[in-house]
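Colleague: Below, each chain spelled out in residue letters.
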Amino acid sequence: MAEVKSAEFKKASGRALRDEKLQHSLEHVMEHFVGARASVIENDFGDENWEAMRTRAAAIKQSTLEHLDYYLDMVDRSVRRNGGHVYFADDAAQANAIVLDIAKRNGVKTVIKSKSMVSEEMGINHILEREGIEPVETDLGEYIIQLAGETPFHIIAPAMHKTRQEVSALFQEWLKTAPTQDIKRLCVYARDALREKFAAADMGISGANFVVAETGTVCLVTNEGNGRMTTSAPRIHVVLAGMEKIVPAVEDLALFLRLLPRSATGQRITSYNTFVGGPRAPSDEDGPEEFHLVLVDNGRLNLLRDEVMREALRCIRCGACLNHCPVYRKIGGHAYGWVYSGPIGAIVTPPMTNMKVARDLPYASTLCGTCKDVCPVKIDIPRLLLHLRHKVAEGALGERSTTWMERLFVGQWHGAMRNRKALEGKANLGRLLTRPFARGGKVRKLPFAPMVSGWTASRDFPAPAPRSFARLWREELAHDNAHPNGTEQG
Amino acid sequence: MPPTPEEHPNKAAFLLRVRSALGRTDPIVHMPDHPSLKSNAVRQQEKVRTIVARNEARRSSALDRLARTAAAASWNVRRAGDAEEAASIVAEIAQQSGVKNLVRSAEDVFKRVNIDAALRSVGVSPAILASGRSRSRGALRDMAFRADMGVTGVSYAIAETASCAVTPRKGVARLASLAPPRLVLLIEPEQVLETLDDFFAITRLNRMQARGRTINYFNFISGPSRTADIEQTLTIGVHGPGEVHMVILG
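The listed protein sequences derive, respectively, from chains E and A. Sequential numbering from 1 applies to the first sequence in this note's numbering. Sequential numbering from 491 applies to the second sequence in this note's numbering.
Some clues are possibly wrong.
[What the hints assert, rightly or not] Straight-line alpha carbon distances no greater than 30 angstroms define the calculated DSS-like cross-link-like pairs of lysine-lysine that follow:
(1) E/K330 to E/K5
(2) A/K501 to E/K104
(3) E/K378 to E/K330
(4) E/K442 to E/K10
(5) E/K378 to A/K528
(6) E/K21 to E/K378
(7) E/K10 to E/K21
(8) E/K391 to E/K372
(9) A/K590 to E/K184
[What the hints assert, rightly or not] Which bits of chain E does chain A cover? Going by a derived footprint, with three or more residues having C-beta under 8 angstroms, they are:
(10) 28-36
(11) 223-230
(12) 264-271
[To be verified] If you anchor each label on the Cβ, the simulated ranges turn out as follows:
(13) E/K21 to A/G622: 37 to 45 angstroms
(14) E/A52 to A/Q585: 45 to 53 angstroms
(15) A/R533 to E/E196: 45 to 53 angstroms
(16) E/V188 to A/R533: 48 to 56 angstroms
Worth flagging that the hints you see were computed from the coordinates, not collected in a lab. Backbone N, C-alpha and C define an ideal beta-carbon position, used for all residues, glycine too.
Excised from the complex, chain A in its bound form (with noise of 0.2 angstroms):
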C-alpha cells in the first residue's frame, strides 16, 4: 500500500464555513440516515447472496435481454454454444475487417476461449498488450494506437444497459480496450447480471472486502464511442472503438 497522502491545510476551514453555511456549529457525529450506507459488510453479503442467486435462477432470461439491449445501443452481438465457435467468431471478425494488428489482454477467459490459435489458421497474429519487462509506458501506449483491434473480456455485463464492466489489472491494459478502432468483449454467463443496482450492490461489497487491495479503476463500454457534437449528427468512433463486437458464450 501507497501511503496515504496528507490532509490539505485549507480542510478545516473550508468544512467550517460549510457547516456554518449550514446554520450548525459543531460537526456531525453520527452518520447522517441514508438508506445505501447503512448496510455493514455482513448485511451487504447477504444482500449480494440473494442478488447472486437471482441472477442465477434467471440466467438465460438476462443472456436474451443482454442481447436485445445491446444489439438496441449498436453492438454487433454474437452468440456462442462453447468455447471453441467463440474462438472462431474472433477470428471471423478479424478476418472480414482485414485486422493486421490485433491485441489482447491476458485473462483467465483466454484460457477456455483459445482464440490465438483461431486467429493464427486466418494468418493473424494477436499480440498481448501488457507492459511486460521490457515495455515502458510510451511503447504500450504506441502499441495500442497501432493496433486495428483490441479482445479483452469483462468483469460483468448489465443486461439493463448492455454495460460491460471491464476492470484494467495487471494483464489488463486500460488502453485494450479503447485505443483500437476494433473492440471484441468476450463474455461468460456467469457475468451477466440483469440491473445496474445488482453491479453496485457487488461493487460496494468488493470494496468492503478487499482490505486494502482497492480497486481504484473500472470503465462501463455500452456501445460505440460517439459523438453529436457537429451538426447533432451523430458520428462513430471517436476516441473510442467506432465497431464493437459483444461475443456471448451462451
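Next up, chain E with everything else stripped away, as it sits in the complex (with noise of 0.2 angstroms):
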C-alpha cells in the first residue's frame, strides 16, 4: 500500500503555506473551478432542481451501501455473465497480487495506465516496475506527476502545483525534448510519447467512476480520451475499482452523469464516457480480449461497520470540497500524507489506513460546512469530522490524546461556563495574566515554551478587551437602555 505520512501534516502544511507561488496557484485554479461549478448548475438547473438531484443521489447512494452485499453479487454475476473475470481484494497487497498475476501469465511488458485512485492506494507502480514492468500513466497530469515521483495534488487536477516551466524540465529530462513555454507545445510531446506506449502496451488499467450491478457496465468519465484508449488499444483491460463504486441500475447514471463533471470541473458533461463491461466480442474490429475486474476493500470495511461514517463512502470523488475548503486552499494535497485530501481526505484517511498516524487530519478544518453544502451526495462532512475527533479525544487509540495542560483548562472552562461568577472571576484573570503581552489590540507571543507559547507559534489573539462586556453592560449600557421607548423591558 502506499505509504502513510499523515503523521507529517502539521509539518507539510507550514511548508505549503510558506510556498508563495503555490499560494498563488492554488488561489488561482480553485477559484475558477468554484465558479465554474456555481455559474453551470445556475445555468442548468437552479437551487432548487439541484438540491433535489443531490438528495436523491445521496438516498441511491446511501441504499447501494446498505445493501452492498447483494449488489456485489449481482456485479460479480453481470461482469462475468458477459465473459468479464471479478476478483475480490481484500487489501492493497491482494489486490497487487492479482494484478501482477494477469500481467505475468499474459508476458505483459508495458501498461498504460488510466487515472484510477484505488491504484494510488495500492501503489502499483512500484510493484509492476519491480517486476521489471512498466507502467505508464496516459491522464496528462498523472503523467507529469509520475515523470515528477510525486502523488496527485488534487483529486481532478493531479499536477496543478507545476508550472509549464517545471513541466518543460519534466519532458526536457525525461523525453529529451526541446524546452519550450508553450503549453499546447508541451501537450503535443506527451501526447506523441503517449502514442507510442499505446501501440506498444499489452495491458491497460483504468479506475471506474460507476460500476452498474444490473449490466455490470464500468463508466469512466474523462475528458483527454486516455480512458478510451486504455480500453480500447491493449489486448487487456483491467479495472480497479473501490467496492462501493456501485449504483444499482444503468438509469442511475444519468444523475450521477449530471452531478459528477458539474461537481467537478463546472462542466456539463466530460469530452467521454467510456461504457464497457466485457471484453469485446469476436466480431468486433478491435478491443481487449480480456476484461478484469478488481473490486477493492483496503480499508473502506472500517467505514462501513461504522454507521456514522457508512455515508463518507457515498463519495464519488468529485473534489467540489477541495475546492471550496478553506484549509485545502492553503495547504493543498500533499500536505494530507495520502492519497485523498481535503475534507473528504481527512474523514477517509484515518479509518482507512490507522487513526493514530492520521489523527491530525480530523483537525484540518474550521467546520464552516461549504463542503456539506457542494457535496453531489451530501456527505456530512463537517459532523464526521467531529465523530473523528471524539474518537480521538475519548482515547479509543489506547492512549489519552490530550495533555495535562489541556486538561485543566478545559476543567476550569467547564466549572466557569456553570457559574456566572466564577466566569468573569475567570475573564477578569485572564485578562490581567494577557495584559502584558497585548501589543495593539493583539497578543502575539505568549511566554512559557511549548506549553502556551504554542497558542500563540501560528496566530495572533485579538487582546481581551480592557473591560469586559458584563462589566460595560452593568455600568453604562442597563442604565441607557433601562427606557428605550418609555416602556420597561426587565
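Combine the two chains into a complex, taking the hints into account.
Modeller: Dropping the structure here:
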C-alpha cells in the first residue's frame, strides 16, 4: 500500500503555507473551479432542482451501501455473464498480487494506465516496476507527476502545482524534448510519447467512476481520451474499483453523470464517457480480448462498519469539497499525506489507514460546512469530522490524546461556564495575565514554551478588551437601555 | 457466447465480511427496493415506447437543441438538408483541412450518405478501418494512428449534453472515432434523443432483450479531447480528436 505520511501533517502544512508560488496557483485554480461550478448549476438547473438531485443521489448511494453484499454479488454475476473476470481483494497487497498475476501470465511488458485513485492506494506502479513491467500513466496530469515521482496534488487536477517551466524541464529530462513555454507544444510532446506507449502496451489499467450492478457496466469519465485509449488499444483491460463504486441500474447513470462533471470542473459533461462491461465480441474490429474487474476493500470496511462514517462511502470523488475548503485552499493536497486530500481525505484517511498516524487530519477543518453544502451526494463531512475528533479525544487510540495543560484548562472552562460569577472571575484573571503581552490590540507572543507559547506560535490572539461586556453593561448600557421606548423591559 | 468465467475464491468470504460490517448475518434474498431496478422487460418496453413517441413528436426542437448545446461544447455543427448535401459537407471539411489519410467505418449510414464519391471528387480516397482478412490488430492500429481524419455514424445523439453515443462493433472500430486528430460524425434525425434519461432507458431495454448478444462497450463523445492539466490552461486535442464536427441531417 502507498505509504501514509499523514503524521507529518503539521510540518507539511507549514511548508505549503510558506510556498508563495503554490499559494498563488492554489487560489487561482480553486477560484476557477468554484466559479465554473456555480454558473453551470445556476444555468442548467437552479438551486432547487440541484438540491433535489443531490437528495436523490445521496439516497441511491446510501441504499446501495446498506445492501452492499447484495449488489457486489450482482456486479459479479453480471460481469461474468458478459465474459469478464471478477476478483475480490481484501487489501492493497491482494489487489497488487491479482494484477501482477494477470500481467505475468500474459507476458506483459508495458502497462498503460488511465486515472485510478485505487491504484494510487495500492502503489501499484512500484510493484510493477519491481517486476520489470513498465507502468505508464496516460492522464496528462498523472503522467507529469509520475515523471516527477510525486503523488496527486488534487483529485481531478493532479499536477496543478506544477508550472509550465517545471513540466518543460521534466519532459526535457525524460522525453529529451526541446525546452518550451508553450503549453500546447507540451501537450503535443506528451501525446506523441504516449502514442508510442499505447501502441506498445499489452495491458491497460483503468479506474471506475461507476460500476452498474444490473448490467456489469463500468463507467469512466474523462476529458483527454486516455480512458478510451486504455480500453481500446491493449489486448487486456484491468479495472480497479473501490467496492463502494456501485450504482444499481444503468438508468441511475443519468443522474450521476449530471452531478459529477458539474461538481468537479463545472462542465455540463466531460468530453468522453466510456461504458465497458466485458471483453470485445469476436466480431468486433478492435478492443481487449480479456476484461478483469478487481473490487477492492483496502480499509473501506472500517468505514462501512461505523454507522456514522458509512456515508463517507457515498463519495463520487468529484473534488468539490477540496475546491471549496478554506483549509485545502491554503495547504494543498500533499500535506494530507496519503491519496485523498481535503475534507474527504480528512474523513476517509484515518479509518482507511491508521487512526494514530492520521490523527491530525480530522482537525484540519474550520467546520464551516461548505463541503457539506457542495457535496453532490450530501455527505455530512463536518459531522463525520467531529465524530472522528470525538474518537481521538475519548482515547479510542488507547492513549490520552490531550496534555495535562489542556485538561486543566478544559476543567476550569467547564466550571466557569456553569457559574456566572466564576466565569467573570476567570475572564478577569485572563485579562490580567495577558495584559503584559498585548500590543496594539493583539497578543502576538505568549511566554513559557511550549505549552502556553504554542497558542501564539502560528496565530495572533485579539487582546481581551480592557473592560468586559458584562462590566460595560452594568456600568453604562443597562442604565441607558432601561427605558428605551418608555416601556420597561426587565 | 464465451464460457462464463469462474467465481473468485475470495468472493464468499469477502461478501460475508461486508454483510457482518452491515450488522446482518443472512444474505438478502429479495431485491432491495430501487425504482430503476423494479420494472421488468414488459414495463420497460412500455416506458421506451412513450419515450420514442415523445422524441418523434418533438424532433425538430430536439434537433435545434442539439445544434445549440453542441456549438456551446465546441463542436463544429453543420446541418444538411439531405444526404447529398451531407456528403458534400464531409468532403468540404476534408478538403479545407488538407486531409490525406481518411478512415471511415462501415455502417448503414454510408449507404444513404455517399461520402466516398464526394470525397473522391475532391481528391481524397477514403479507406474503411476494419480488421478484414489480412489486417492484424497492430496493422489496424497503425492505420488508425496514421489517419488525419475519421468519419463514423452514431447510435444516438443526446441533445441535453451534445453527447454522441458511438457503439463499436463489426465494421465500426473503436479507434476510428478516437485516433485521428479530426472527427466527423454523421447524425440522422431519428437518432436524436432529448435527454440522458431517454438514452439510458433505451439502453436498459436493449440489454433486457439482448438474449446473450450483450454489448460490452460504447462511448459518449461530447466534444473535443481536452485537458487543463498544465496551469489550468485549456488545451484541445490530447489523446483524442481536437477538431470535432457534427453533420446533422435535418
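Colleague: Are there three or more residues in the region 264-271 of chain E whose C-beta lies closer than 8 angstroms to some C-beta of chain A?
Modeller: holds (count 5)
Colleague: CA of E/K391 to CA of E/K372, is that 30 angstroms or under?
Modeller: Measuring from Cα to Cα gives roughly 21 angstroms; hence the hint holds.
Colleague: For the pair supplied as a hint, E/K10 and E/K21, is the alpha-carbon distance within the 30 angstroms limit?
Modeller: Cα-Cα ~20 angstroms, so holds.
Colleague: Honestly, do E/K21 and A/G622 meet the 37 to 45 angstroms range at C-beta?
Modeller: violated, 54 angstroms
Colleague: Quick one, are E/K378 and E/K330 close enough, alpha carbons at most 30 angstroms?
Modeller: holds, 24 angstroms
Colleague: Check whether the Cα positions of A/K590 and E/K184 lie no farther apart than 30 angstroms.
Modeller: Measuring from Cα to Cα gives roughly 23 angstroms; hence the hint holds.
Colleague: Between the alpha carbons of A/K501 and E/K104, is the straight-line distance 30 angstroms or under?
Modeller: Holds, at roughly 23 angstroms.
Colleague: Compare the distance between the alpha carbons of E/K21 and E/K378 with 30 angstroms, and conclude whether the hinted pair is satisfied.
Modeller: violated, 33 angstroms
Colleague: Given the hint that E/K330 pairs with E/K5, does the C-alpha gap stay at or below 30 angstroms?
Modeller: holds, 19 angstroms
Colleague: Does the Cβ distance between A/R533 and E/E196 fall inside 45 to 53 angstroms?
Modeller: Holds, since A/R533 and E/E196 (Cβ atoms, about 50 angstroms apart) stay within the stated range.
Colleague: For the region 28-36 of chain E, do three or more residues have a beta carbon lying closer than 8 angstroms to a beta carbon of chain A?
Modeller: Coverage by chain A holds here, the residue count being 3 at a Cβ distance below 8 angstroms.
Colleague: Has the hinted range 45 to 53 angstroms been met by the Cβ atoms of E/A52 and A/Q585?
Modeller: Roughly 49 angstroms apart at Cβ, these two residues keep to the hinted range, so it holds.
Hints 6, 13 from the list above are not met by this structure, while the remaining hints are.
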